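With the hints as a guide, bring both chains together as one complex.
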Amino acid sequence: MPPELAIEARGLSKSFGELRAVSGLDLDVPRGQIYGFLGPNGSGKSTTIRMLCGLLTPSSGTADVLGTSIPGNAKLLKPKIGYMTQKFSLFGDMSVQENLQFMSEIYSYPAKERKSRIDELLSKYDLVPQRKQLAGTMSGGQKQRLALACAVLHHPELLLLDEPTSAVDPQSRRDFWANLFRLAGAGTTILVSTHYMDEAERCHRLAILDRGVKVADGTPQQLQASTGMHILEVVADDPYAAQSAISARPEIASVTQLGVRLRVLIPERHPDPVGIVKSALASQGVSGETRMATPSLEDVFVAVTMKPLDRDR
Amino acid sequence: MKSLSRLGAIIKKEVRQLARDRLTFGMVFGLPIIQILLFGYAINTDVRHLRTAIANQAGTHLSQQFESELRASQVVKVIASADTPGELENLLRRGKISLGIVIPADFDRRVADNNRAAIHILVDGSDPTILSVANQLRSMPIRFDSAEVQPHKQDLIEIRPYYNPERRTPVNIVPGLMGVILMMTMMLFTAVAIVRERERGNLELLINTPVSSAELMIGKVTPYIAIGLFQLAIILGVGQLLFDVPIRGSVVDLYIAGSAFIAANLSLGLLISTATHTQFQAMQLTVFILMPSILLSGFMFPFDGMPVVAQYIGEALPTTHFIRLSRGIMLREAPIAELWPDLLFLLVFTLLTMTVAAMRFSKRLD
Numbered sequence: 001m002p003p004e005l006a007i008e009a010r011g012l013s014k015s016f017g018e019l020r021a022v023s024g025l026d027l028d029v030p031r032g033q034i035y036g037f038l039g040p041n042g043s044g045k046s047t048t049i050r051m052l053c054g055l056l057t058p059s060s061g062t063a064d065v066l067g068t069s070i071p072g073n074a075k076l077l078k079p080k081i082g083y084m085t086q087k088f089s090l091f092g093d094m095s096v097q098e099n100l101q102f103m104s105e106i107y108s109y110p111a112k113e114r115k116s117r118i119d120e121l122l123s124k125y126d127l128v129p130q131r132k133q134l135a136g137t138m139s140g141g142q143k144q145r146l147a148l149a150c151a152v153l154h155h156p157e158l159l160l161l162d163e164p165t166s167a168v169d170p171q172s173r174r175d176f177w178a179n180l181f182r183l184a185g186a187g188t189t190i191l192v193s194t195h196y197m198d199e200a201e202r203c204h205r206l207a208i209l210d211r212g213v214k215v216a217d218g219t220p221q222q223l224q225a226s227t228g229m230h231i232l233e234v235v236a237d238d239p240y241a242a243q244s245a246i247s248a249r250p251e252i253a254s255v256t257q258l259g260v261r262l263r264v265l266i267p268e269r270h271p272d273p274v275g276i277v278k279s280a281l282a283s284q285g286v287s288g289e290t291r292m293a294t295p296s297l298e299d300v301f302v303a304v305t306m307k308p309l310d311r312d313r
Numbered sequence: 001m002k003s004l005s006r007l008g009a010i011i012k013k014e015v016r017q018l019a020r021d022r023l024t025f026g027m028v029f030g031l032p033i034i035q036i037l038l039f040g041y042a043i044n045t046d047v048r049h050l051r052t053a054i055a056n057q058a059g060t061h062l063s064q065q066f067e068s069e070l071r072a073s074q075v076v077k078v079i080a081s082a083d084t085p086g087e088l089e090n091l092l093r094r095g096k097i098s099l100g101i102v103i104p105a106d107f108d109r110r111v112a113d114n115n116r117a118a119i120h121i122l123v124d125g126s127d128p129t130i131l132s133v134a135n136q137l138r139s140m141p142i143r144f145d146s147a148e149v150q151p152h153k154q155d156l157i158e159i160r161p162y163y164n165p166e167r168r169t170p171v172n173i174v175p176g177l178m179g180v181i182l183m184m185t186m187m188l189f190t191a192v193a194i195v196r197e198r199e200r201g202n203l204e205l206l207i208n209t210p211v212s213s214a215e216l217m218i219g220k221v222t223p224y225i226a227i228g229l230f231q232l233a234i235i236l237g238v239g240q241l242l243f244d245v246p247i248r249g250s251v252v253d254l255y256i257a258g259s260a261f262i263a264a265n266l267s268l269g270l271l272i273s274t275a276t277h278t279q280f281q282a283m284q285l286t287v288f289i290l291m292p293s294i295l296l297s298g299f300m301f302p303f304d305g306m307p308v309v310a311q312y313i314g315e316a317l318p319t320t321h322f323i324r325l326s327r328g329i330m331l332r333e334a335p336i337a338e339l340w341p342d343l344l345f346l347l348v349f350t351l352l353t354m355t356v357a358a359m360r361f362s363k364r365l366d
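Protein sequences appear in the order of chains E and B.
Its first residue numbered 1, the first sequence is counted upward by one per residue in our numbering.
Its first residue numbered 1, the second sequence is counted upward by one per residue in our numbering.
For reference, chain B alone in the conformation it holds in the complex (with noise of 0.2 angstroms):
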């Protein structure tokens, strides 16, 4: 009975303390309802409304036919038109669309030819998921008017992958895997920074002595910047040894993109940091934001299936904006010039992140 009874008093003891710390009972509840949500809704592999721009080159009365199917179809949703395919070539390797569908000047007689593709579709091919919607657009059918053609003999309509023509996932994954584990490791290095000097009782003495917060704040997150492009080295180096992963545009820009990238990171660590008060609350929130970093950034699953409210989420975490950086620079030879939005919101994420962080840490010796 004495045993039952000191059974009891440690467990009263546990829930009240956890009851008072306010940020890990809210992560009891919190987390596996905001997972549940993530998975939920964003492991879907219907992807639909994928971007599409479309070059209609023939304009006759059948193929704005085909392009009215098309876009009923749901599965994707046509952002743009262009002129001609270089156009669509140009959209694709900015990022801006995933699938570009040229419909030929002669459309309307390769379909009554039946022995050539009619419709050439233009894939970003480097995620294999894109890839696999629109190998089932294919099987779309294709009228005169009301009457079905007969069945042809060659598909109408011709897929042509581009950046990953060999379809190897590797060549995906590697740039976004190289966004999750920097965001992983810098995130952890700095989230627990600043809670373990407290925890250890060196706050104290540190914010006695003239150290300003700014000083301290930089101080801690600039070994990490270093620690953080040789790991983007490392990734690099394995991806193009082991997966054969390409480089195809700039080292320089990758680098840019990537020194842009752990400082965001580095600076939402730092955050974290300020607004926790032990290790393991710290560990909590860096897992917090790790787990929609994975499934919401586009890494997991093409950020064209989500839903639009993942979508949102998505755009606001650094990992989403870096992966498309990552893999535009290095599958579609984009020079960063063209992909400046993303770069953009990265450094202005930091800055905004580092100095909240700054404020909250010279508030918080009272």
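Extracted from the complex, chain E is given alone in its bound form (with noise of 0.2 angstroms):
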């Protein structure tokens, strides 16, 4: 594995039973980046950073994670990630403290250095305040502050964050990735699984996962620049006409209502994307104004998971 890579995975698959969670997944994730999983729920988000920690068993496939072969190692990896879910996984019955304490124990951080760095680790994440409160009576960023900080407590290499956004507000979500910046910052790779869009779009690199396949990767200009459609914007005084008026040409691969604006998607190869849609639009007699726009991730993301069949009209 190329020294520069902090994850290369080849064919990883999983199945639970009938199930395929995941198939033939390839991913190289280059260190001290923010690598992101883009998915809606089940498509394999959690399963394949659950494989890539070494808490499920591939069913095929091999893993380079951090130097160690995955499966088989796991257990050489473990001092070196951090893991964080959805739900935080905190002891809810313990203080803060005891929390920051437990953690430095399990991972046995040097006995004289605890204490400074747990001090360290409550005013990083603005946890002082609480220090002496029970994690389960703490709000929703309140907790998950206080997750970072168990999973970073022992300085992993390589942090794994299964929707660690999902259950807080914008606000906490902000700090949250700015805490991700700096830890980036400081060389910690970091797997990010989220659902949102705005989330995606600060990673470094992406990959999108749709049933448990990677449809897409790479940075999000890339995507962004490869999505083999053409975006247009149309903004018409009724909305709902327009977009039925549009939805019945056999060119239009997808029409998503925003507000006034209509976000249109036509497969590259049809050479006058504008001409198509106006001309639509004035079969049915609705009035409209019609323009190319730039890709967006939220574009890309309703190209590259659609189906097949909508992607080739």
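Hints may contain errors.
As the list claims (entries may be wrong) - Using 25 angstroms as the maximum straight-line C-alpha spacing, the simulated DSS-like pairs for lysine-lysine come out as follows: (1) E/Lys124 - E/Lys80; (2) B/Lys220 - E/Lys75; (3) E/Lys132 - E/Lys87; (4) B/Lys220 - E/Lys87.
Derived by calculation from the structure, the hints in this document are not laboratory data.
It should be emphasised that the depicted structure is a prediction, and the values quoted were computed from it without experimental measurement.
This is the structure in structure tokens:
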């Protein structure tokens, strides 16, 4: 594995009985970057993360994580990774300080430095006033900060975050991402799964998963440049009528309403996308303004997760 | 009507969920069936086949005839013979027998004399049920050949209750209760231990740390050993204070037996914890083991009186072996070395269940 990669997975697959949760996943995660998994629920994000940290054994395929080969050697990996889930997995009947203390003991953090490390984390993650509070009684944002503090206490080289922001408010999410950038800046590799577009956009690189298959990966810019779709924006007085008029045309891959605007995806092989939309609107007598738009990550997501039938229109 | 259809939907959902929770579903049927079987067969005050040894010092025709009458009665099951009353006492103390029957050398003369007891029955009186059975034996006729002897002025058979001469129930109950209480609390504590972590999502965090499954298992069990030993002290204290239950043997021996028993229950609890998904399931399984431990361990009913199948089940339960140990040490002053098979059982049981629990746990990450 090239030394600049933290994770290199080849053909990683996992089946639960009949269900193929992840199939044939190849993954290259560079060191020191924030790598995102974007996908709907059930797309295999959690399963992949669990395979990478040795929690689940892959049905087939292998991965090299921080120089350790998976499956088989997960034990060697544990001290080098930090892990955090949506549920935060804190001990609710223990105080903030006790939770951190427990983690420092579990990871055999040098006894002399434990106290100073815990104090450092408490102030860094803004938990000093909650030091004595039971973790179970804290707000979602506070729990999230504590969970992150617990996950990074032992200076892991790799942080695996499974939908860490699903249960918190937007401000907490912003603060959380600021912390992630700080950690990545200090050299930590971060693998984070999400179903929020704005979070995916913050990642250095990301992979889009759909029903257990990686349908696209790259930097957000690369992905936006390679949708294979014309992206058009239509502003109409009657967006609903406009939507049904446009949807009726066979060339249209997807139409999404955003308030009074419509987002229209047309495969690139059609040479005159604006003409297609305009004639569709005219044929139904709907008035509206049509212009080309730059692809957003959401457009990418819609384009790569759509049915092959729609993509080939 | 809306309410009815909502109700119907709820009922359907509950049935569906129950049917999919295989363990709970099994318990719904298995529990009553097994409990009825246990209660039906084990509650049997008509005690038969008491383990007995005979010391026939007379060896006469009459004494042999008495012996065969005794065997035919089915009340006793003669499993050993001895030469002297001392040997019988020894067997009694080690818990090998419940009754020891002494036929003195001058048996024939005593029967003829009609004024002295001709038979001595040494009884492990720590169990009042056994004692009452022994008392029934008193009415057994003793015959010269086929002719019935004249009614005696005095009972031909004399009962000598050992270990509990006052015939008080608590003396027998407390050592048994010690086993039952320890088992209940110890098993419950650890049965929910792992499952609770799983339910709260802590387990996923824990298994992602360098902690090994053996560390986790032993770490979870250790605090409860101290709690168990503390409980042991409480029960002993209360037993002595309120019920005057003696500790005739060595307290150290009792604590050795107690520690082995606590370890056995804790590891059994852990095994339950690795075999279940919710705390509720863990509770059910615990109760499932609890009931036979109360009914078939010799705590409520004398072991000898139970049908063979029930005895086999009883032999597999740690509580049975601990109750033998605690009664032996506390009431019969038996040194633990004489009761080694029961101690060995507890140790082997602990080792086995702990190993299986740790193995199951490491496999259950998938």
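Are the Cα positions of E/Lys124 and E/Lys80 separated by 25 angstroms at most?
holds (21 angstroms)
Agreement of B/Lys220 and E/Lys75 with the hint, judged by alpha carbon distance not exceeding 25 angstroms:
holds (21 angstroms)
Mind checking the alpha carbons of B/Lys220 and E/Lys87 for me, to see if they're no more than 25 angstroms apart?
holds (23 angstroms)
Hinted pair, alpha-carbon criterion (25 angstroms max): E/Lys132, E/Lys87. Please report holds or violated.
holds (21 angstroms)
Of the numbered hints stated above, none is contradicted by the structure.
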